[in-house]
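Engineer: Those sequence lines, one after another, are chains A and B.
My numbering applies: residue 1 is where the first sequence begins, and numbers increase by one.
My numbering applies: residue 1 is where the second sequence begins, and numbers increase by one.
Just so you know, not all the hints are guaranteed correct.
[Claimed, not checked] Ranges between beta-carbon positions, derived for each pair:
| # | chain 1 | residue 1 | chain 2 | residue 2 | range |
| --- | --- | --- | --- | --- | --- |
| 1 | A | Phe75 | B | Arg288 | 29 to 35 Å |
| 2 | A | Ala130 | B | Leu275 | 27 to 33 Å |
| 3 | A | Ala130 | B | Ala274 | 32 to 38 Å |
| 4 | A | Arg96 | B | Leu227 | 47 to 53 Å |
| 5 | A | Thr6 | B | Asp121 | 36 to 42 Å |
| 6 | B | Arg251 | A | Ile16 | 31 to 37 Å |
In case anyone wonders, no lab produced these hints; they're calculated from the structure.
Predicted model, so just to flag it, every value in this text is computed and none were measured.
Quick reminder that beta carbons are idealized off the backbone N, C-alpha and C, glycines included.
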Amino acid sequence: MRVYFTAARLSFRRYITYRSATFAGVVTNTAFGFIRAYILLAMWHEKPQIGNYDAADAVTYVFLTQGLITPIGVFLGSTELGPRIRTGEVATDLYRPCDLQLWFLATDLGRAAAGLLLRTIPPIVIGSVAFPTSLPTAPLPWLRFSVSCALALLISFAIRYLVSLTAFWTMDERGTASLLLVVAMFFSGMIIPLVAMPGWLGSLAHALPWSGTLQVPIDTLLGTNTTSFADAVTFQFLWAAVLLALGRALTSAARHKTVVQGG
Amino acid sequence: MADLTPAPAPTSPALPAPPLNPDFTPLPSPAAYLLLTRMWSRAAWQYRASLLLTGTAQMLSTCLDLAALLVMYSQVTTLAGFTLPQTLYLYGTTRLAFALSDLIASGIENLSDSIRLGTFDVVLIRPVGTLAQVLADQFTPKRFGKLIPSTATLVWAIDTLPITWTPLKAAICVGTVLCGTVIYCALWVLTGSISFVATDARETANVITYGGELVTEFPFAIYQRPLALMMTFAIPLAFITWQPSLYVLGRHDPLGLPDFLRFAPPIVAVLFSALAAIVWRAAVRHYRSTGS
Numbered sequence: 001m002r003v004y005f006t007a008a009r010l011s012f013r014r015y016i017t018y019r020s021a022t023f024a025g026v027v028t029n030t031a032f033g034f035i036r037a038y039i040l041l042a043m044w045h046e047k048p049q050i051g052n053y054d055a056a057d058a059v060t061y062v063f064l065t066q067g068l069i070t071p072i073g074v075f076l077g078s079t080e081l082g083p084r085i086r087t088g089e090v091a092t093d094l095y096r097p098c099d100l101q102l103w104f105l106a107t108d109l110g111r112a113a114a115g116l117l118l119r120t121i122p123p124i125v126i127g128s129v130a131f132p133t134s135l136p137t138a139p140l141p142w143l144r145f146s147v148s149c150a151l152a153l154l155i156s157f158a159i160r161y162l163v164s165l166t167a168f169w170t171m172d173e174r175g176t177a178s179l180l181l182v183v184a185m186f187f188s189g190m191i192i193p194l195v196a197m198p199g200w201l202g203s204l205a206h207a208l209p210w211s212g213t214l215q216v217p218i219d220t221l222l223g224t225n226t227t228s229f230a231d232a233v234t235f236q237f238l239w240a241a242v243l244l245a246l247g248r249a250l251t252s253a254a255r256h257k258t259v260v261q262g263g
Numbered sequence: 001m002a003d004l005t006p007a008p009a010p011t012s013p014a015l016p017a018p019p020l021n022p023d024f025t026p027l028p029s030p031a032a033y034l035l036l037t038r039m040w041s042r043a044a045w046q047y048r049a050s051l052l053l054t055g056t057a058q059m060l061s062t063c064l065d066l067a068a069l070l071v072m073y074s075q076v077t078t079l080a081g082f083t084l085p086q087t088l089y090l091y092g093t094t095r096l097a098f099a100l101s102d103l104i105a106s107g108i109e110n111l112s113d114s115i116r117l118g119t120f121d122v123v124l125i126r127p128v129g130t131l132a133q134v135l136a137d138q139f140t141p142k143r144f145g146k147l148i149p150s151t152a153t154l155v156w157a158i159d160t161l162p163i164t165w166t167p168l169k170a171a172i173c174v175g176t177v178l179c180g181t182v183i184y185c186a187l188w189v190l191t192g193s194i195s196f197v198a199t200d201a202r203e204t205a206n207v208i209t210y211g212g213e214l215v216t217e218f219p220f221a222i223y224q225r226p227l228a229l230m231m232t233f234a235i236p237l238a239f240i241t242w243q244p245s246l247y248v249l250g251r252h253d254p255l256g257l258p259d260f261l262r263f264a265p266p267i268v269a270v271l272f273s274a275l276a277a278i279v280w281r282a283a284v285r286h287y288r289s290t291g292s
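So that you can see chain A by itself, here it is in the shape it has in the complex (with noise of 0.2 Å):
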């Protein structure tokens, strides 16, 4: 178990070290925040409710998208394992006396703590300074909300991880990397909040994994849940764990399939 927390630690030390190229990425999250916050407000001001999300719902919900891209990783369509394996690297991390899904799960945690600290809070803050926003003060959503995001980092970790495993098949995750960011930036709620798609659309996107890395969380904060949150919980922790556990199949079907070549 210790060599995962230190796996951890060191993947969070290397991500903590460039400071002035967070400087630059928060400015970036928090300018496309301002551009999505218009958009969605002109959405809000000729019908000012959508879903059960009113105007400051919506502005707050871009802001903590906003905030959560780096941690969760929603612009990341695979881990650290897909570039390794396209380069030869992986056959280290065969070699290391750990389990392969645990070691990069690790690594992506430390790569998340550093990304909650240095890029959440800007992005929010600055958002809830610039409109009128619905943040609750209270400390009870926050304790929900940070149980949900944790459980929203298992399931993009999943996802990500079986997207690497493929390069042990194709030589290399690019493709599939960059097919499955697109499913994921929509049906995630990264474009638009889930709560205005319509209809059929909308029953498809609450019910897909994606909705688990964004929309659940974020609504758990806000309070603007459709279900208990039991309920929401539960869905995400469903999730994780069938996509986890398809990831350790496959990872047991490659380390059967793969040959590691020279010395």
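Assemble the complex: chain A is given as a structure, and chain B must be docked to it using the hints.
Structural biologist: Okay, now just chain B, sitting in the frame of chain A:
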């Protein structure tokens, strides 16, 4: 490991002598650019499956943005007073112009890496213009994928809109895409030049390039007046599609700006390209190798 016996002394210089021919002329930049893009395309073509998948992904990403726009209009009938076909006209022209500029110029996104790694040195010693090399860097035909849905959207919007076409309107419609492409290319070069000053700032450039695209997909009336004015006069995003499209769509400017601005895109494109060229030259002179 290496053979430890000493290598025989070279009898001839390792590098060919520099051309002493007085008639030697470097390849003109446009020709060099085309040559380099062809070379990179052939390299990308070696990984056909990956190219096909990433190309499809580029196409789908445009389609999903379109789907998001349709989702928005499933909830409302107008956005800041603009109907779906009108917004789709803005969206189509923006997307097409941006996709063309992305095709031509987004190689400059690799510049910050090549400055950080010091490989920009190689660009400087080749007898070819620096900008041509940087723009063509790692060109990939997958970018053609973005052209298909954006063209389709624009065609659909033009077909649906009740526009009485005049030769001037048609010329402005074509001109919107052409001038928009030029202005976006200038933005790529200008934001790319930031890398010479602040290597880590690459992500900030995205605000102007990709952010500029997102902004111009929508009617400018949705932005607050000071912001909209800034995006007209400080960064000329309004001239990419918003201003000329007001003429084609036959609308008054909700911001109340004078009508002659609608015909300004060609002038803006020329001025902005000149600015980009000046900044680029200054930036390249500013370059100091990492020297490792």
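Engineer: Are any of the numbered hints broken by this structure? If so, which, sorted upward?
Structural biologist: 6
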